[in-house]
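> The listed protein sequences correspond, in order, to chains U and Y.
The letter at position 141 of the first sequence is residue 722 when you use my numbering, and the numbering goes up by one with no holes.
The letter at position 29 of the second sequence is residue 55 when you use my numbering, and the numbering goes up by one with no holes.
Simulated from the structure, these hints should not be mistaken for laboratory data.
Remember, predicted model here, so these are calculated numbers, not experimental data.
Glycine included, C-beta positions come from ideal geometry on N, C-alpha and C.
Residues of chain U placed beyond 10 angstroms of chain Y at every Cβ, according to the derived structure: (1) 657; (2) 669; (3) 732; (4) 733; (5) 831.
Cβ-Cβ distance ranges computed for the label pairs, FRET-style: (6) 170/Y / 655/U: 34 to 42 angstroms; (7) 154/Y / 731/U: 35 to 43 angstroms; (8) 33/Y / 622/U: 17 to 25 angstroms; (9) 596/U / 178/Y: 27 to 35 angstroms.
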Amino acid sequence: MVERSQQEVWKLTPWLVILLLLGNFILMAFDAREITSGQRVIRVWTQTVADFVQSPVTTITAGVTNYFGSIANLRNAQDENSQLKQRVEELELELQSKEGLTSENDRLKALLELKEQSKYKVLTARIIGRDPSIWFDSSIINRGSLDGVKLNMPVVASGGLVGRVTAVSPLTSQVDLVTRDKSGLGAVIGEIGSSTALGVVTGTSKREVLEMKYVAGTTDVQVGQSVFTTGQDGIYPPGIKVGDIVQIISGSATTPHQIFIQPAARLGSMQEVGVLLYEPPPKVAFDQKVTPPTKGNK
Amino acid sequence: MEQIKLTAALIIAILLQWTLRNVAEPFAYVDFPLIIVVYAALQRNSLRAILFGTFSGLAIDALSGGLLGANGFSKTLVAYIVSEIARRVYMDNLLLRIPVIAGACFLDDALYYGLHRVLGQEPSGQFLVVASYTLFATTIVGTAVFVFLDSFMNEKLASRKREGFPSRRQTRRRNPIRLGK
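Looking at chain U on its own, in the form it has when it is part of the complex (with noise of 0.2 angstroms):
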C-alpha cells in the first residue's frame, strides 16, 4: 500500500469528485432517455440483494403489526358481537330469498352456455419495500423474473389498476404506480362501447389525482362516472377499472375537458397487489400495415 499524503491526497480529491459526477451524469442521461423501456444492471442486483433485507423485515414488521392490532381489536370486540349478531339474522333473510335468484342466474347461464372465465391470470404479490426516496411513489414487491413478471406487466389491486412493472430482478420486481407524472394510459369513461368519451389518463405527481385529458368538450361527462382503460396504449388490457372522477373542468366546442380522477386502488395503503401475466399483441410494423399498391390493384 502506498501511503499518500494529507497534500496529496487534497490535489487528488477534485479530480475524483469531477470523475464520479460526471459518471452519475452520464448514468442519469441514459437513464432519464429509457425511463420508459430500458433497466439498468446496477438496479437489478441491487433489487436482488435488497430483498434478503426488505422480506425479513416486512415479515416481521406484519407479524408485529397485526399482533398489536388484534389485542386493540379485543377491546371492541364485545360490542361488535351483539352487533354482529343481528346483523347475521338479518342477513339470513336476505341470504334466503338470494339462493332463489343464484339458482336461476344459473339455470340461464347454462341456457347460454356462457363459461365463467378469468381473462388473464393473475399472481399475487407482496409489497417488500417502498421508494426510499421521498420524491417518488415506486414499490418493490416480491415477484420477479422466476416467477413469469415481465417488464411492462399491468399490476392491480382491489379495486383498480395500480401501474406498471419497471424493473425486473430474478426475485423482486419494481412497480411504477400510475400517478406518476411520466404515466400515460388509454382511457374511456362508462362503459367500452357504448361511450365515446375517450381520452389519456396521466399522472399529475400528486398522490391519489390523475388527470385525464383530450376528452371533447362537447361530451356529456358527470362527477362520479367511473373510467376505465381501453387497451389502446400496448400496456393495459381493456376494462381495468382506473378510478372515478371527482372535478371536471368544462372544456367548449374547440377546448377539452380537463377532468380529474380519484384511483380506485388504495394506492397509499396497499400491502398485496396482484401482477397481471398479460401480454399486448404485437405491434405490427407501419410499413406492414400498408400494403404497397401492385399493379393489379390499381
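Chain U is fixed; fit chain Y onto it per the hints.
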C-alpha cells in the same frame, strides 16, 4: 478500525433507508445515508466521504423510481463541499455541526430535485414542503446519530476532547536574575 466502523454505519443507514418507509411513511423524510456521509466528511477525510456519497447515492437510486445517479451526484457533491468546509473551519463542536447537517440536507434535496427537472422528470410533492420536512427530520435524527457516533468512536472522541480542552502549557520561565549572572 474507525474506517470499518464508519463503513458499517453507512451500510446500516442504507438498509434502514431501504426498509423503513414500508414500516412507517414518516421515516421516508429521514435521509440516513446523508447523515453518515456528512459525518464522514466532517472527519476531514475527503476521499472517503466522496466515495461514501457516490456508493450510498447509487444504492438508494437503484431502488427508487427516480433517475439512476441523481442521488449519487447530489451526495458526492455535498460530501465534497462539507469536507472542504471542514478542512478550512474548525467544526468539532456539536452545535456547529447542526447547521451543517441542515445545510447539507437542503443542498442535497435542491440538487436532486433540480437534476430531475433539468432532465424532464417531475418529482412528486411541492419542493419547499417536502424539503422542509426532510430538513427538519434529518437534522433531528442526524444530531442524535452524531452524538451516538462520537461516543461509539471512542478514540476519536478522546482526542477531540483533548483538542477542545487543551491542557495549559506550563513553560518554565527563565529566571532573569540568573541570566544576568
